[in-house]
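Engineer: Chains A and B, in that order, are what the protein sequence lines are. As numbered in this note's numbering, residues 8 to 102 make up the first sequence, in order. As numbered in this note's numbering, residues 368 to 841 make up the second sequence, in order.
Keep in mind that the hints were calculated from the coordinates and are not lab data. Misleading hints may appear alongside valid ones.
Taking lysine-lysine and the DSSO-like style, the derived pairs with C-alpha atoms no more than 27 Å apart in a straight line are [stated by the list, open to error]:
1. B:K454 to A:K67
2. A:K55 to B:K606
3. B:K747 to B:K819
4. A:K53 to B:K666
5. B:K438 to B:K495
6. A:K55 to B:K445
7. A:K84 to B:K495
8. B:K576 to B:K549
9. B:K435 to A:K67
10. B:K747 to A:K67
11. A:K53 to B:K445
12. A:K84 to B:K520
13. B:K480 to B:K454
14. A:K67 to B:K520
15. B:K654 to A:K67
16. A:K89 to B:K527
17. B:K479 to B:K445
18. B:K527 to B:K495
19. A:K67 to B:K717
20. B:K641 to A:K67
21. A:K13 to B:K606
22. B:K666 to B:K481
23. A:K89 to B:K401
24. A:K55 to B:K435
25. B:K717 to B:K480
26. A:K84 to B:K454
27. B:K641 to B:K576
28. B:K438 to A:K67
29. B:K606 to B:K572
30. B:K641 to A:K53
31. A:K55 to B:K438
32. B:K478 to B:K684
33. B:K717 to A:K55
34. B:K419 to A:K67
35. A:K13 to B:K684
36. B:K495 to A:K89
37. B:K481 to B:K495
38. B:K819 to B:K549
39. B:K481 to B:K401
Listed below, chain by chain, are the residues.
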Amino acid sequence: MNELTKEEVYHVAHLARINVTDDEVKKYQVQLRQILDEIERINEIKVKTDEILISPTDNKNVYREDIGIDEDVDIFKNAPRKSGNYIEIARFVNE
Amino acid sequence: MLKPTIGIEVHCELKTNSKAFSPSSNTYGEVPNKKANVIDLGYPGVLPTLNKGLLDLGIKCALALNCKVTKEIFFDRKNYFYPDNPKNFQITQNNTPIGTCGYVEIEYDGKKKKIEIEEIHMEEDTCKSIHENDYTLLNFNRAGIPLIEIVTKPCIENEKEAVLYLENLREILLYAGVSDVKIEEGSMRCEPNISLSDSDKLGTKIEVKNISSISAVKESILYEIERQTKLINDGVKLKEETRRWDDKSKTTILMRVKETGNDYRYFPEPDIPKVIIDDKWIEDIRKTIPLLPNELRKKYKELGINDVTISSLIQNKELSVVLNELIDMNINPVLSANILTGDILSYLNKKYITFKESNITIDNIKDIVNLLDNNEISSKIAKVIIAELLEKEGDVSTIIKDKGLKQISNTDELVKVIENILDNNLKSVEDYKNGLDRSIKFLMGQIMKETKGQANPKVANELLISELENKTKL
Chain A
8 MNELTKEEVY
18 HVAHLARINV
28 TDDEVKKYQV
38 QLRQILDEIE
48 RINEIKVKTD
58 EILISPTDNK
68 NVYREDIGID
78 EDVDIFKNAP
88 RKSGNYIEIA
98 RFVNE
Chain B
368 MLKPTIGIEV
378 HCELKTNSKA
388 FSPSSNTYGE
398 VPNKKANVID
408 LGYPGVLPTL
418 NKGLLDLGIK
428 CALALNCKVT
438 KEIFFDRKNY
448 FYPDNPKNFQ
458 ITQNNTPIGT
468 CGYVEIEYDG
478 KKKKIEIEEI
488 HMEEDTCKSI
498 HENDYTLLNF
508 NRAGIPLIEI
518 VTKPCIENEK
528 EAVLYLENLR
538 EILLYAGVSD
548 VKIEEGSMRC
558 EPNISLSDSD
568 KLGTKIEVKN
578 ISSISAVKES
588 ILYEIERQTK
598 LINDGVKLKE
608 ETRRWDDKSK
618 TTILMRVKET
628 GNDYRYFPEP
638 DIPKVIIDDK
648 WIEDIRKTIP
658 LLPNELRKKY
668 KELGINDVTI
678 SSLIQNKELS
688 VVLNELIDMN
698 INPVLSANIL
708 TGDILSYLNK
718 KYITFKESNI
728 TIDNIKDIVN
738 LLDNNEISSK
748 IAKVIIAELL
758 EKEGDVSTII
768 KDKGLKQISN
778 TDELVKVIEN
788 ILDNNLKSVE
798 DYKNGLDRSI
808 KFLMGQIMKE
818 TKGQANPKVA
828 NELLISELEN
838 KTKL
């Protein structure tokens, strides 16, 4: 199969929120294709939805009762900034 | 001719005690960032624990919306990078929605129509973000609160059908007891998508977000139909996009482009094992669903309650619940309904309180209705008693005794009053002789005035007519 286009590599990099250099893009155009080819091989196995293994165990119906328990945790411990009772971050909506 | 096709996605917060995948409390209006733990904050290495209450309410929603319940379910991760969800994925259901193939019935133009529901699925809410000029504030109390997302098929033809669907859906979820469905507080969020086409093939879908009322849903649909029509007529090829409703300018504004479709890289959530829902579980949940609005309307109508009163009852769920209790106690339903939606409702609305917060009790109403039903008090006296009980706790018999409100059914006493009135209103007696029926109404009014509303209306009416007949014969 053909290697990925530059645009496809930039798109994946954007989804992962990482910066890539032109040299890296060239490298990933080839490497990502190799990964996708491997996945294509896996995709050849036909599995029905109800046969999908979603968990490495056979456990079923594992849940807890609906009781609210509030731990006393320091929510702001790893927060970049605090403003009153809020966590403050850089504005993220561009309208 | 361009025809609009509308689909609607609705998110509702479910009324559980704890969050979907963490045991933190599910609350609204608390001090910010007090009801959240490391799971809600998306710390590395934390594990979600599935809330049984979420599953119960998910099944309940599916049943209330006439859906087929999916018997074997699991959750999926929807991956996207956004600060309102720091673990960078939302736990949702992509492959096995809890309910499919449902419907909500609406009545439009005198015709019944089923708004088809494609699927409903369970997921977690993101944290609440408040945008200021150059920074954003985050409140994680909302992060992880369970949501049900309800997706219709593109089968809504205009803004009126959309509004009816949303109003009915809201009522159903409220009566089923799964959600507060308060749009203004964000516990119900509506996102219509609108496309225009002049053929059977659907046009380009434009989604609208950030709508904070049902009337704004209507406005946004009308605005989009107009905007898209103009663009298409100008030869512009539309692109799928998400727009934001701006309540101030009454327009939609293009939003920042987020990930879509494949970019979400859905895959099964490996930390939550599958859930098998058996028939017994479904039937147990079915038993907990009370009568829903359409069934209640039918029941009230059969009991002889009029349409205006019925719609007033349905809009005030608490009063409808009170009425149902009274009906179960074999109390006259029509009289009960009239009292509840009359003086009581207007008092509650005036004081901004609920029935429970008021001083009047179900037992009070039971006593009043029984007295009315047996003609022991007039409706005028009932009004006095109700007004008294709304202001101050008490019981009906004491008020009647203390205020001397006992109805006068004593014939001798009433005859005396009537004779006196007739002597002072000879013109009305003359009118009666000449066949003017309205004179009876006037004279009854006088009797009530004279007895301060205490005359038994039925007895007084009979006595009045026989006295008038006597006088006519003379």
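Engineer: So which of those numbered hints doesn't the model satisfy?
Structural biologist: 2, 4, 5, 10, 12, 13, 14, 16, 17, 18, 19, 25, 27, 33, 35, 37, 38 and 39
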